[in-house]
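Number of protein chains: 2
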Amino acid sequence: MSRLDSIYPADRVTLREVGLRDGLQLTGRYPTTAAKQDWLGRESQAGVRHFEIGSFLPGRSAPQFADIAEMIRTCRDLGVTSAALVLNDRGAVDAVGSGVDEIVCVVSATEEHSQANMRRSIADAVGLVSKTVRLAADADHQPVTHAGIAMAFGCSISGDVALDQVARIAGACAETGADVIGLADTVGYAGPDQIALSCERVASLVGATRLGIHLHDTRGMGMANAAAALDSGVRIVDASLGGLGGCPFAPGATGNIVMEDLVFLCERKGFETGIELDRLVGVREIPATEMPEEQLYGAMARAGLPGASWRAASLQNQR
Amino acid sequence: MSRLDSIYPADRVTLREVGLRDGLQLTGRYPTTAAKQDWLGRESQAGVRHFEIGSFLPGRSAPQFADIAEMIRTCRDLGVTSAALVLNDRGAVDAVGSGVDEIVCVVSATEEHSQANMRRSIADAVGLVSKTVRLAADADHQPVTHAGIAMAFGCSISGDVALDQVARIAGACAETGADVIGLADTVGYAGPDQIALSCERVASLVGATRLGIHLHDTRGMGMANAAAALDSGVRIVDASLGGLGGCPFAPGATGNIVMEDLVFLCERKGFETGIELDRLVGVREIPATEMPEEQLYGAMARAGLPGASWRAASLQNQR
Chain D
1 MSRLDSIYPA DRVTLREVGL RDGLQLTGRY PTTAAKQDWL GRESQAGVRH
51 FEIGSFLPGR SAPQFADIAE MIRTCRDLGV TSAALVLNDR GAVDAVGSGV
101 DEIVCVVSAT EEHSQANMRR SIADAVGLVS KTVRLAADAD HQPVTHAGIA
151 MAFGCSISGD VALDQVARIA GACAETGADV IGLADTVGYA GPDQIALSCE
201 RVASLVGATR LGIHLHDTRG MGMANAAAAL DSGVRIVDAS LGGLGGCPFA
251 PGATGNIVME DLVFLCERKG FETGIELDRL VGVREIPATE MPEEQLYGAM
301 ARAGLPGASW RAASLQNQR
Chain S
1 MSRLDSIYPA DRVTLREVGL RDGLQLTGRY PTTAAKQDWL GRESQAGVRH
51 FEIGSFLPGR SAPQFADIAE MIRTCRDLGV TSAALVLNDR GAVDAVGSGV
101 DEIVCVVSAT EEHSQANMRR SIADAVGLVS KTVRLAADAD HQPVTHAGIA
151 MAFGCSISGD VALDQVARIA GACAETGADV IGLADTVGYA GPDQIALSCE
201 RVASLVGATR LGIHLHDTRG MGMANAAAAL DSGVRIVDAS LGGLGGCPFA
251 PGATGNIVME DLVFLCERKG FETGIELDRL VGVREIPATE MPEEQLYGAM
301 ARAGLPGASW RAASLQNQR
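So the protein sequences, as listed, match chains D and S.
Counting in this note's numbering, the final residue of the first sequence is number 319, and the numbers go up one at a time with none missing.
Counting in this note's numbering, the final residue of the second sequence is number 319, and the numbers go up one at a time with none missing.
If we strip away everything but chain D, and leave its shape as in the complex, we get (with noise of 0.2 Å):
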């Protein structure tokens, strides 16, 4: 079995926990390696198997991250799988020496937002996928490679985005070798059309067991997203504890997808998560503990799940 499918399972719904990284990258306070590595043990206990750990950036420009070494060690301890962005190439060689399990490149779906995200063009983007799949290549541990598609439904710089533009960039990121191509609701543009559009154009040129979604519940649309990239055939979705991970120039919006939610959504869908939700509600202690300034989303850490608790009530003109 190669890496990518033990990593990814063809034949079942990988959910990544992004909030490690995506969650902690904005907060004024973030946790403890400790706590981190706390909330590593308790979301891998409650059945979650891959987690984006943070980005391979010099300690000073991201503080957050200057443990990732230590975060990989514990994941490889945990046996889960690790992930980190890198974002040059400086980053991509410490990745492929840092023995993490996964290397995610960005890759702008418009060339003003590569500019100012990482002021670089598109095929410089595309460029840095190359380099970090070869060097990956070359590497004992053989790590997966992913290219994420930013911006991928609709640009806050510059508007719309083709499919045409978005199914170029994913082909060109395809053909360099990387191993999973996904493709993201930056900003929450997305509704569950659009989503299933894209996301069968670009499973038609990449194949759907190598497509990722990732998604922002900015305005609302993020079950229904999830859903519509589901029916579509993507089989590896990301998500947060909590929806952490918020939008910097969208003050008070909701950020990634919400993990406990997005386990009921498969569960509901016949997707067999393995993955507890009562102790996966448990672990929003620690970023409630260590970020308390964030605010934590979802429905299911209120409601619970349908069941006992719910028996024996009266109602009154419920509908």
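FYI, nobody ran anything at the bench for these hints, they're computed from the structure.
Fair warning: there could be bad hints in the mix.
To be verified - Simulated restraints on C-beta separations:
id: 1; chain 1: S; residue 1: Leu305; chain 2: D; residue 2: Gly233; range: 26 to 36 Å
id: 2; chain 1: S; residue 1: Asn88; chain 2: D; residue 2: Asp278; range: 50 to 60 Å
id: 3; chain 1: S; residue 1: Asn88; chain 2: D; residue 2: Glu276; range: 36 to 46 Å
id: 4; chain 1: S; residue 1: Asp89; chain 2: D; residue 2: Gly233; range: 46 to 56 Å
id: 5; chain 1: S; residue 1: Ala208; chain 2: D; residue 2: Ala66; range: 49 to 59 Å
id: 6; chain 1: D; residue 1: Gln295; chain 2: S; residue 2: Gly282; range: 19 to 29 Å
id: 7; chain 1: S; residue 1: Ala288; chain 2: D; residue 2: Thr289; range: 21 to 31 Å
id: 8; chain 1: D; residue 1: Arg3; chain 2: S; residue 2: Glu272; range: 42 to 52 Å
id: 9; chain 1: D; residue 1: Gly233; chain 2: S; residue 2: Gly270; range: 21 to 31 Å
id: 10; chain 1: S; residue 1: Gly274; chain 2: D; residue 2: Asp278; range: 41 to 51 Å
What the hints assert, rightly or not - Some chain S residues flagged as far from chain D (calculated, every beta-carbon gap over 10 Å):
id: 11; residue: Ala10
id: 12; residue: Arg12
id: 13; residue: Arg29
id: 14; residue: Thr33
id: 15; residue: Gln45
id: 16; residue: Pro58
id: 17; residue: Arg73
id: 18; residue: Gly99
id: 19; residue: Arg120
id: 20; residue: Gly127
id: 21; residue: Ala137
id: 22; residue: Ala139
id: 23; residue: Ser232
id: 24; residue: Gly282
id: 25; residue: Thr289
Every residue, glycine too, gets a C-beta built ideally from N, C-alpha and C.
Once you've looked at the hints, dock chain S against the given chain D.
For chain S alone, coordinates are given in the frame of chain D:
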């Protein structure tokens, strides 16, 4: 054009604001009549055309609806549709006499809930639908009749509900001559695939244009379920401003799906709602002021529409 076609045009989506009924029946505090009339005025100016404004009950048992006659008049003056619940024979007579545009009867999908909620059998509840239809047919203004099936996707008292049972009850309600048959996920058990399966089955019995959906966002599936209903041909969808309307035995659980977010979903799916989102969001001021202890939900109110306000901001490593 029939009364039904004028209230529910088959060629468009009708969004029913139920916050003034469902949203008020469990609150300790409720808005003054003047505030509710302001709410109707401002939400209708935003483009919402259909309002469920109360239940026909003795004023003692439901003081928040004691002003229902004034609310019906206000709707008429504003040129929008008024709808109200009836829970017994007396209520049916009062409703027909009140001039309300639409009369809603509730039928439970399970005997256990029917007894717990209204101390009557399902057969007796269908009997009230039948009586209401006959009374409405004799009335000069020919009110539309609507049978809402509660717990249609799962019951907090008796658990799973067989689709055959829901279809049987929906068929019985349709046979009474009720204009609209509604399916309600009263306690938020459904996922989108169950919604699609159920809506398609019931639509095949009663016709998609006569089918309505009433969703609670208890477990965060609301928008995914609304998308599934729209994809199944449902064109009558309930929602409430700010997601008002709770469940008396799920503390902290969200209520109805959020009208503001549903409008965005519909527009993203290509349905023209005729609703101005910015003005709609502004109406939240009224419940926020009148019912300060009630939490208002919704992402659109936080994030706003995609567009100019999003531009010219710097992103760091956003995916």
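Quick rundown of the hints versus the structure:
1. For S/Leu305 and D/Gly233, the hinted distance range of 26 to 36 Å is satisfied, since their beta carbons lie about 30 Å from each other.
2. In this structure the supplied range 50 to 60 Å is violated for S/Asn88 paired with D/Asp278, their Cβ-Cβ distance being about 41 Å.
3. The hinted range of 36 to 46 Å is satisfied by S/Asn88 and D/Glu276, whose Cβ atoms lie roughly 45 Å apart.
4. Remark: the range hint 46 to 56 Å for S/Asp89 to D/Gly233 is upheld by a beta-carbon distance near 53 Å.
5. At about 57 Å, the CB distance of S/Ala208 to D/Ala66 agrees with the hint of 49 to 59 Å.
6. Between D/Gln295 and S/Gly282 the beta carbons are some 23 Å apart, a value that agrees with the proposed interval 19 to 29 Å.
7. Between S/Ala288 and D/Thr289 the CB atoms are about 29 Å apart, so this pair conforms to the stated range of 21 to 31 Å.
8. The beta-carbon spacing between D/Arg3 and S/Glu272, approximately 48 Å, falls within the hinted interval of 42 to 52 Å.
9. At roughly 23 Å, the beta carbons of D/Gly233 and S/Gly270 sit within the given window of 21 to 31 Å.
10. At about 43 Å, the beta-carbon gap between S/Gly274 and D/Asp278 stays in the expected band of 41 to 51 Å.
11. Residue-level check passed: S/Ala10 sits 21 Å from the nearest beta carbon of chain D, beyond 10 Å.
12. At the 10 Å boundary, the C-beta of S/Arg12 stays outside the reach of chain D, the nearest C-beta of that chain being 17 Å off.
13. The beta carbon of S/Arg29 is kept farther than 10 Å from every beta carbon of chain D, the shortest such distance being approximately 17 Å.
14. Here S/Thr33 stays apart from chain D, with its beta-carbon at least about 20 Å from theirs, past the 10 Å limit.
15. For S/Gln45, the non-interface assignment is confirmed: its Cβ lies about 23 Å from the closest Cβ of chain D, beyond the 10 Å cut-off.
16. Even its closest Cβ contact with chain D, about 13 Å, leaves S/Pro58 beyond 10 Å, as expected for a residue assigned away from the interface.
17. Even its closest Cβ contact with chain D, about 23 Å, leaves S/Arg73 beyond 10 Å, as expected for a residue assigned away from the interface.
18. With 10 Å as the threshold on Cβ separation, the claim that S/Gly99 sits away from chain D holds: the shortest Cβ distance comes to roughly 22 Å.
19. Annotated as non-interface, S/Arg120 keeps its C-beta farther than 10 Å from every C-beta of chain D; the closest such distance is 13 Å.
20. In this structure S/Gly127 is separated from chain D by more than 10 Å, as the shortest Cβ-Cβ distance comes to about 18 Å.
21. With a least beta-carbon separation of about 23 Å from chain D, S/Ala137 lies farther than 10 Å from that chain, consistent with its non-interface assignment.
22. The beta carbon of S/Ala139 sits about 23 Å from the closest Cβ of chain D, which is more than 10 Å, so the claim that it is off the interface holds.
23. Even its closest Cβ contact with chain D, about 13 Å, leaves S/Ser232 beyond 10 Å, as expected for a residue assigned away from the interface.
24. For S/Gly282, the condition that its CB be more than 10 Å from all CB atoms of chain D holds, with the nearest at approximately 16 Å.
25. Under the 10 Å C-beta cut-off, the non-interface status given to S/Thr289 relative to chain D holds; the minimum distance is some 19 Å.
Checked against the numbered hints given earlier, this structure breaks only hint 2.
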